[in-house]
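Model the full structure from these sequences, guided by the hints.
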Amino acid sequence: DTGVSQDPRHKITKRGQNVTFRCDPISEHNRLYWYRQTLGQGPEFLTYFQNEAQLEKSRLLSDRFSAERPKGSFSTLEIQRTEQGDSAMYLCASSPRDYGYTFGSGTRLTVV
Amino acid sequence: DQQVKQNSPSLSVQEGRISILNCDYTNSMFDYFLWYKKYPAEGPTFLISISSIKDKNEDGRFTVFLNKSAKHLSLHIVPSQPGDSAVYFCAASLYNQGGKLIFGQGTELSVKP
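Going down the list, the sequences are from chains C and Y.
Start counting the first sequence at 1217; every next residue gets the next number (the working numbering).
Start counting the second sequence at 336; every next residue gets the next number (the working numbering).
No wet-lab data here; the hints were simulated from the structure.
These figures come from a predicted structure and were not determined experimentally.
Note that CB positions come from ideal geometry on N, CA and C, so glycine has one too.
One thing to keep in mind: the hints can contain errors.
Listing some non-contacts, in silico: residues in chain Y with all C-beta distances to chain C over 12 Å [to be verified]:
(1) VAL413
(2) GLY418
(3) LYS447
Computed footprint of chain Y on chain C; a stretch qualifies when at least three of its residues, placed anywhere within it, have a C-beta under 8 Å from a C-beta of chain Y [what the hints assert, rightly or not]:
(4) 1263 to 1274
(5) 1283 to 1291
In structure tokens form, the structure reads like this:
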């Protein structure tokens, strides 16, 4: 068990470009969550999956954001046409049930 | 609207003394509360939790108190150690919401030797 792995750790992109992040959860965890954290704030919920089904999306997740978990294992979060306001830490967590979260170390996105 | 609030952005405590971190919430339907600890460049790690049917939960040096009438919870760390220096987040969850958490803004604790 290597914990929750996120890739890349850091991403710098120009405004208007598309970016994709990957999260590999703990293998036996069927729930996977995405959160976003900006400076001075706590993590904010974006979306979550139970196996391959995306069960909830936050209003924070605009049309430019899409998340997938095609085989119920790893997940990707894509941001299209990035904006400076998208700069944040994107955190992934997995859980076998309610509340038993393990977070990854996050992907820090900087949009210039 | 900020449903979970941590009004103290920072706290400084001497090693060996008690650290008390506070958290207020507005939604009386929250049924589970958690505290997470975060070091720089790492994801949050779970520390301790409490169900809304309890008013206290203890785990070693860490105790969480819940006052439902005041919609307030606190985390006590006794004795504080320099390794406890980190950002602490409280979080709350609603029943049957798939484990989605609502976090406070965090309090940065500094424990000085």
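Each hint, compared with the structure:
1. VAL413 of chain Y, annotated as away from the interface, keeps every beta carbon of chain C farther than 12 Å; the closest lies near 24 Å.
2. Chain C leaves GLY418 of chain Y outside its interface by the beta-carbon criterion, the shortest separation being 19 Å against a cut-off of 12 Å.
3. Listed as outside the interface, LYS447 of chain Y is consistent with that label: its C-beta sits roughly 22 Å from the nearest C-beta of chain C, beyond the 12 Å cut-off.
4. Taking a C-beta to C-beta cut-off of 8 Å, the segment 1263 to 1274 of chain C contributes 4 residues in contact with chain Y, enough for the three needed, and the coverage statement holds.
5. Only residues whose C-beta sits within less than 8 Å of a C-beta in chain Y count toward coverage, and the segment 1283 to 1291 of chain C has 0 of them, not enough to reach three; the restraint is violated.
Violated hint: 5 only; the structure is consistent with all others.
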